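Novice: Residue strings, one per chain:
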Amino acid sequence: MSDQIDINTLDVQDENERELAQQIASDEWLRVSPIAIAYFFFKTLYFLIFNVLIYMLPVFAFNLNKLKEHPVEFGLGALGLMSLVLIGSVIKYFFYFYRLSADRVEIRQGMIQKSHMDLPFGKIQNVKIIQPFYYRFSNYSIIELDTAGSAKQEANIVAIQLPLAESFKQKVQANVTDVSATPQDASKDVSDSHAQSSEKSSFHTQETLLNRRSIKDLIIHGVTNNRVWIFLGAAAPFYEPISQNLDSVLTAVGLDISSYLNYEQQSLGIFLLHVLSLVMIIMLLIVIFSIIGAIFVFFDYRLSKSGERYIRRSGLLTKHEVSMKCSRIQRVVQQQDWLDILIGRVNLRFEQNSAGAYQGDQASQMTSANKLIVPSVTPTEADALSQDAFAFQTISSLEYQRISPRYILRLFLFPCSPFVLLAAVFAIYQATILSYLLGFIVIVMLCLSCVLAWYRWGYYEDEDFIYIRKGFLGRDFIAFPIDKVQQTKITQTPFMRKGQLATLRIVLASGGMVVPYLPEEQVKATVDKLLLRVEKNKPAWM
Amino acid sequence: MSTIDDAPSSDFSNQNISIEDVSVDNLTLSAISPRYRKINIGITLGVSLFICAIVLILDLDIFMTMPEVFSKASVFVYAIVLPIGVLSALYHFFADPLIKYAVREQDVHLQSGLFFRTIVSQPILRIQHIELKRGPIERKAGLASLQVFSAGGISHTFEIPGLEYEKAVSLRKFIIDHKDLSLDE
Chain A
1 MSDQIDINTL DVQDENEREL AQQIASDEWL RVSPIAIAYF FFKTLYFLIF NVLIYMLPVF
61 AFNLNKLKEH PVEFGLGALG LMSLVLIGSV IKYFFYFYRL SADRVEIRQG MIQKSHMDLP
121 FGKIQNVKII QPFYYRFSNY SIIELDTAGS AKQEANIVAI QLPLAESFKQ KVQANVTDVS
181 ATPQDASKDV SDSHAQSSEK SSFHTQETLL NRRSIKDLII HGVTNNRVWI FLGAAAPFYE
241 PISQNLDSVL TAVGLDISSY LNYEQQSLGI FLLHVLSLVM IIMLLIVIFS IIGAIFVFFD
301 YRLSKSGERY IRRSGLLTKH EVSMKCSRIQ RVVQQQDWLD ILIGRVNLRF EQNSAGAYQG
361 DQASQMTSAN KLIVPSVTPT EADALSQDAF AFQTISSLEY QRISPRYILR LFLFPCSPFV
421 LLAAVFAIYQ ATILSYLLGF IVIVMLCLSC VLAWYRWGYY EDEDFIYIRK GFLGRDFIAF
481 PIDKVQQTKI TQTPFMRKGQ LATLRIVLAS GGMVVPYLPE EQVKATVDKL LLRVEKNKPA
541 WM
Chain B
1001 MSTIDDAPSS DFSNQNISIE DVSVDNLTLS AISPRYRKIN IGITLGVSLF ICAIVLILDL
1061 DIFMTMPEVF SKASVFVYAI VLPIGVLSAL YHFFADPLIK YAVREQDVHL QSGLFFRTIV
1121 SQPILRIQHI ELKRGPIERK AGLASLQVFS AGGISHTFEI PGLEYEKAVS LRKFIIDHKD
1181 LSLDE
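Residue numbers (this note's numbering), protein chains in the order written: chain A, 1 to 542; chain B, 1001 to 1185.
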């Protein structure tokens, strides 16, 4: 506390601002309040409990009796651990400094691994003031600073007086143009009635409906995309009663599994037939569940556009509303599984900043605000919607440039060659006609896979956009504006050097993309073009 | 032709070049500190020898008697740990001198790799925040690593390892003082 000037705890705006101005002007490294020790202590404890101790629960459970016999030793051990954590927290406190200047925050910390972080105000997207329970009785709080690059990174000022934190927040937010629209805020669950009322009002504000999905579309979506996990996730609480009663239920409907699958009492042909039909039934069930899952999440799907925003509404029980600002879209993905290709459907995705991405189950990913999904549209609809977002060319019918056929050889050498070798050894070792035939088929299939994987790759570049096609059985079309590029990378192995080839990686705020085995000269020229565009025109990426 | 008036020092290449004829093909690259290689080789060999030494001490039954199986298993430990240590030391011997960086007016680059040769290019405009990291051994050797974060996420962090501390500090200053840093969102 010695470095900080005591201010009157009355919430006087001027005084706080003066204090903040003083801190900025002093340009000195400041120590936070010693109450930060509590922060470090609880944080370490929290980490220990949820990352270490929770995995040791079985060990404790097994040795419960021993623990009961030695309560003193156990207590001393726990106490020892706590003191270690406390000592660590005190050390952390002593090595933690921050410095405010006119345009940035600096944080210096660490005794063994020292780090010095620089955070320009202009890059701060969100300022959160947090007062954890152990700070409640004091006048202190934590300032949590989010930048687009710091999803998992620590950028906190760990103990600062609350009024000072408020003035700091105001100062930083004056620099931030659009704080309210972080990706997380954009997703919200709305109740049925609320959705209806907002729907009515939003039509007044000139919302145009771009796409709807009918039940037929959702059934197609359920069949072509495995959405069974949504259903299984929702059914999770019932697993145990189901598995307990499965046998009796099946017997009740006249199916005795154990005699049905009795290997000893049946000929091989009948047995295989039984196994096959069971597999078919299971597959059918999976498809049905998948359809239910798809309807569950995408029921009454509507994609509309209101001003500069896409709004997506869907859901059977919980209505989800996700809105995404057009300028935040980083890339557009048209995804097709092999079944989609056969029946001519596309899953369209608008992807935005992935820092701070949802790491939830499939259902929450479907509704996540980072990816706006339009399920199972036709290729024409997909192209039209993509072109609504950006001035793309028709993504699915471009003359894509093929990557070098050397890539087939590379896939064959790795990862295929071990399997080819295995198949060959098996065939020769068994030395029967059947084994030769099997080995031959496996090797041919592997070779064909290499060719197919190469065949799917495609690259196209125009003035403003880059288009990538890739896949194996299915295929993805990815398209994005050059203006969104964050970073580039060129990679070359000795094998690629021989063919004067290189792999291009382009990083956007929604993640990285790779195109392998393009001509080296072309890759370098593309990187130069991307860097020039970004650095010269300085386009905003969101 | 544009120049940067407040370029901190001559520590790094920062030529006055027209932005129209820049190419990643003709970057003026600077090497990182040669001490970085020494440290890496030292650590790799040190750690593997340390593991072997512990196994050896246990094997010699000085403090306690180990079961029969242990002496058989220990042979495998030597056979695995030592070659890995030597190989990775060899890798550092050849690969570390290839780590080079370049700083231009608008971007920073890192070239590296013995087998997988890579050039990563990071426009300064897209930098979100910067961190200078120093472990105990790096501090002893007067080195630091500079990490640059973009919106591309943690897995695409641009990092220049093994910089001399003063160079790292002035490079950080160059980036922090860059006018683009207050431009992009």
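For the record, the hints were derived by calculation from the structure and aren't laboratory data.
Note that the coordinates shown come from a computational prediction; the quantities given were computed from them, not determined experimentally.
Check the hints yourself; a few may be wrong.
[Stated by the list, open to error] No farther apart than 27 Å at their CA atoms in a straight line, the calculated lysine-lysine pairs in the DSS-like style are these: (1) A:Lys43 <-> B:Lys1133; (2) A:Lys171 <-> B:Lys1179; (3) B:Lys1100 <-> A:Lys536; (4) A:Lys538 <-> B:Lys1140; (5) A:Lys128 <-> A:Lys371; (6) B:Lys1100 <-> A:Lys498; (7) B:Lys1133 <-> A:Lys128; (8) B:Lys1100 <-> B:Lys1072; (9) A:Lys169 <-> A:Lys305; (10) B:Lys1173 <-> A:Lys92; (11) A:Lys470 <-> A:Lys524; (12) A:Lys325 <-> A:Lys305; (13) B:Lys1179 <-> A:Lys92; (14) A:Lys171 <-> B:Lys1100; (15) A:Lys169 <-> B:Lys1179; (16) B:Lys1100 <-> A:Lys529; (17) B:Lys1072 <-> A:Lys114; (18) B:Lys1140 <-> B:Lys1179; (19) B:Lys1167 <-> B:Lys1100; (20) A:Lys114 <-> B:Lys1167; (21) B:Lys1179 <-> B:Lys1133; (22) B:Lys1133 <-> A:Lys524.
Novice: Please work out if Lys1100 (chain B) and Lys536 (chain A) have their alpha carbons no farther apart than 27 Å.
Specialist: 25 Å, holds
Novice: So if I understand the rule, the pair passes when the alpha-carbon distance is 27 Å or less; does Lys171 (chain A) with Lys1100 (chain B) pass?
Specialist: 39 Å, violated
Novice: Does Lys1179 (chain B) lie within 27 Å of Lys1140 (chain B) when you go C-alpha to C-alpha?
Specialist: Violated. Lys1140 (chain B) to Lys1179 (chain B) sits at ~34 Å, over the 27 Å cutoff.
Novice: Decide if the proposed pair is consistent with the structure: Lys1072 (chain B) and Lys114 (chain A), CA atoms, cutoff 27 Å inclusive.
Specialist: 42 Å, violated
Novice: Run the distance test for Lys1100 (chain B) versus Lys498 (chain A): straight-line Cα separation, threshold 27 Å.
Specialist: 23 Å, holds
Novice: Tell me if the straight-line CA distance from Lys325 (chain A) to Lys305 (chain A) falls inside 27 Å.
Specialist: Holds, at about 10 Å.
Novice: Check whether the Cα positions of Lys1133 (chain B) and Lys128 (chain A) lie no farther apart than 27 Å.
Specialist: Distance of about 25 Å is within 27 Å: holds.
Novice: Can you confirm whether the C-alpha distance between Lys470 (chain A) and Lys524 (chain A) stays at or below 27 Å?
Specialist: The given pair, whose Cα atoms are some 21 Å apart, holds under the 27 Å limit.
Novice: Do the alpha carbons of Lys43 (chain A) and Lys1133 (chain B) lie within 27 Å of each other, as the hint requires?
Specialist: Since the Cα atoms of Lys43 (chain A) and Lys1133 (chain B) sit roughly 22 Å apart, the hinted pair holds (cutoff 27 Å).
Novice: Below or equal to 27 Å on CA atoms is what counts here, so check Lys538 (chain A) against Lys1140 (chain B).
Specialist: Violated, at roughly 40 Å.
Novice: Is Lys1100 (chain B) within 27 Å of Lys1072 (chain B), Cα to Cα?
Specialist: Violated, at about 45 Å.
Novice: For a C-alpha distance cap of 27 Å, please report whether Lys1173 (chain B) and Lys92 (chain A) respect it.
Specialist: 26 Å, holds
Of the numbered hints given earlier, the model fails hints 4, 8, 9, 13, 14, 17, 18, 22; all others are met.
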